[in-house]
Amino acid sequence: MPDTLFDKLWDMHQVAVLPGGVSLLHVDRHLMHELTGSAAITQLGQRGLVPRNPELAFATLDHVISTRPGRSGGDEAWSRAMVDTLREQTSRLGIARFDIEDGRQGIVHVIGPELGLTLPGLSIVCGDSHTCTHGAFGAIAWGIGSSELVHVLATQTIRQRRPKTMRIHFKGTAGAGVTAKDMILHSIGALGASAGTGYAVEFAGPAIRALDMEARMTICNLAIELGAKFGIVAPDRVTYDYLRGREYAPQGQQFEAAVAGWERLRSGPEAAFEREVEIDAGAIRPQVTWGTSPEQVAAIDGLVPDPTHEHDPVRRVQLQGALDYMRLQPGQRIDRIPIDRVFIGSCANSRLSDLQAAAAIVKGRRIAAGVTGWVVPGSLAVKRAAEDQGLHRVFLDAGFEWREPGCSMCVGANGDLVAPGQRCVSTSNRNFVGRQGPGAMTHLASPAIAAASAIAGTIAHPGTIGAEA
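Residue numbers are given in the numbering used here: position 345 of the sequence shown equals residue 345, and the series is strictly consecutive.
Just so you know, these hints were derived from the structure itself, not from any lab. There may be inaccurate statements among the hints.
Below, a list of computed lysine to aspartate or glutamate pairs in the EDC-like style, where the Cα atoms sit at most 16 angstroms apart [stated by the list, open to error]: (1) Lys363 / Glu263; (2) Lys363 / Asp340; (3) Lys164 / Asp11; (4) Lys363 / Glu310; (5) Lys171 / Asp3; (6) Lys164 / Asp280; (7) Lys8 / Glu263; (8) Lys164 / Glu276; (9) Lys363 / Asp397; (10) Lys171 / Asp280; (11) Lys171 / Glu278; (12) Lys164 / Glu263; (13) Lys164 / Glu274; (14) Lys8 / Asp280.
Label-pair restraints from in silico Cβ distances [stated by the list, open to error]: (15) Ala210 / Glu263: 15 to 21 angstroms; (16) Ala257 / Ala210: 26 to 32 angstroms; (17) Asp102 / Glu278: 28 to 34 angstroms; (18) Gly364 / Pro69: 22 to 28 angstroms; (19) His309 / Ala283: 50 to 56 angstroms; (20) Gly94 / Glu247: 33 to 39 angstroms.
Every residue gets a Cβ at the ideal spot worked out from N, C-alpha and C, and that includes glycine.
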């Protein structure tokens, strides 16, 4: 059977097949952050062990670090302690750390690609479920748990059971104003939040090939919301052009030699997948979630569904529970729901192109009365690039807060929370109950829709405020 891209990558990293058919894989990159990485290093030390390959581990500060302007660590004593602990550990053990003072700090899934740490053909792990983001480059990348973090530190390997393979083929061309966020939210809504469970998902087709690298990262970032630990896109010229000249990427002739090898990283024309799905990209419209799962999503001009129309009793109860939590009524128009907050950030949508898309909507306009808007760049590099283009001034003039890089209000681990009972349009990737804080209500959307909603004061398409996405 011809191999899929994922099978090729898996076999490249398989050190041994263990009893029970479990693979032992070599890990090429171990990305770390202060929320889970520090605890793993502490456990490693308690067992009398040291990192086997500290040169293959890379740490940053993103989950609990403050995003307040002028910050140097956490906002609270506990978060400052976590930040300081990781700083001490990485310095002592010789693990590279991308910190504020050297200008390379940012969300781990943003700085990995922008530094060239993320390369086609690598195996990449991190104590964060959205590590699948790095699959956009043709790498096998996935989030791991606490005990696995310690195992990787001690051995530079990990035990994994090979998943089945699934390909989602996006045929056709996405329409004007339809973004990568809309494509992946639509897919999750159409297939279900558990459709990818047990699979490694390859995203393919002309609509994927038409995306730039930052958009492909958004697609793979939400693979975990489809239930898949792995999301992957075969590398191509778009990938190579993005990586050329990045700090940790091969340089000069070594880069061209690497490209020759990366060209072989693709599924063969006769590759057999355990499951194949086709989605018409041309039929996708801008999407917004209305419930408490990414699969509870609809077109922005659609209606909140009526649970009584659902035949499955279990699903009917779930839908009603989501509506009760979100304080919505069946048949309510999604694009008329009033909001309190807008968050533009997270590892899904905090890159320069995301901020450019939002700024294009916001420019010359003001946030609606009663709405609080935050823009949190994904990294210090993104922040500098945005400021060089004057985007920060666009947001500040419109009434947004312009924050420092971090995960911030995606998960609120640093204390950046939406107040109980408030409704937030968010460019992040999860809208679970309490995700942005106890009692907070989250609607996932693209940066363009988030920006338009801040201006309108309701969930809004850019066209309704006289702007084009």
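Which numbered hints does this structure break?
Numbers 1, 2, 4, 5, 6, 12, 14, 17, 19 and 20 - these are the hints that the structure violates, sorted from lowest upward.
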